[in-house]
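Q: Sequence:
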Amino acid sequence: MEEVPAWKVKLVRVVVWVLFGVIFGLLPVIIAAFRDSVSPEGLNLDKMLGSGELLIVGAVIAAGATGELFASSRRRSTDGIVANLMWIFAGFAVIAAFAADTILYLIAVGPSHSAMTGLSLIFFSATVVGTTIAVGTAA
Numbered sequence: 001m002e003e004v005p006a007w008k009v010k011l012v013r014v015v016v017w018v019l020f021g022v023i024f025g026l027l028p029v030i031i032a033a034f035r036d037s038v039s040p041e042g043l044n045l046d047k048m049l050g051s052g053e054l055l056i057v058g059a060v061i062a063a064g065a066t067g068e069l070f071a072s073s074r075r076r077s078t079d080g081i082v083a084n085l086m087w088i089f090a091g092f093a094v095i096a097a098f099a100a101d102t103i104l105y106l107i108a109v110g111p112s113h114s115a116m117t118g119l120s121l122i123f124f125s126a127t128v129v130g131t132t133i134a135v136g137t138a139a
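Residue numbers (my numbering): 1 to 139.
Be aware that one or more of the hints could be misleading.
What the hints assert, rightly or not - The calculated label-pair distances, taken between Cβ atoms and stated as ranges, are: (1) Ala63 x Ser39: 40 to 46 Å; (2) Ser37 x Gly118: 19 to 25 Å; (3) Ala96 x Val15: 44 to 50 Å; (4) Val15 x Asn84: 34 to 40 Å; (5) Asp36 x Ala99: 25 to 31 Å.
Think of the hints as simulated: they come from the structure by calculation, not from any bench.
Ideal Cβ positions, reconstructed from N, Cα and C, are used throughout, including at glycine.
Produce the entire structure from the sequences given, and follow the hints as far as they go.
A: Okay, structure coming up:
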């Protein structure tokens, strides 16, 4: 039996993570967007995302990526120093993303809806990119 290359294993792990962690995590927001788009008022991103709902999804995604990293930590002792440093950096990045999303959500009542929509989109995008890289590191 032929051994599967490491990059294929990582790719499958990341694709499964994006599908189940990110896409399924976004389903409530996607359904709300669909609901609003067929309503008489139409889709209003500031109304839909202005309260920071996307930040909650981002925090949950970051928490899930943190779990992936910790679950992969048992085999870290056999990896090289560079791999271990990458793992530590990935861990810091997902915890920082979780903290940033959570803190911004806590102050969501202050900024205007349009400012919060922009910040939510930026922070969520950064969280998705960072956590996907972290999951790839953990694979």
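Q: Decide, hint by hint, whether the structure agrees.
A: Against the structure, the hints come out as follows:
A hinted range of 40 to 46 Å for the beta carbons of Ala63 and Ser39 is inconsistent with their spacing of about 32 Å. Taking 19 to 25 Å as the suggested C-beta distance range, the pair Ser37 and Gly118 conforms, at roughly 20 Å. Between Ala96 and Val15 the C-beta distance comes to about 24 Å, which lies outside the given range of 44 to 50 Å. Between Val15 and Asn84 the C-beta distance comes to about 25 Å, which lies outside the given range of 34 to 40 Å.
At roughly 30 Å, the beta carbons of Asp36 and Ala99 sit within the given window of 25 to 31 Å.
Comparing the model with each numbered hint stated earlier shows that hints 1, 3 and 4 do not hold.
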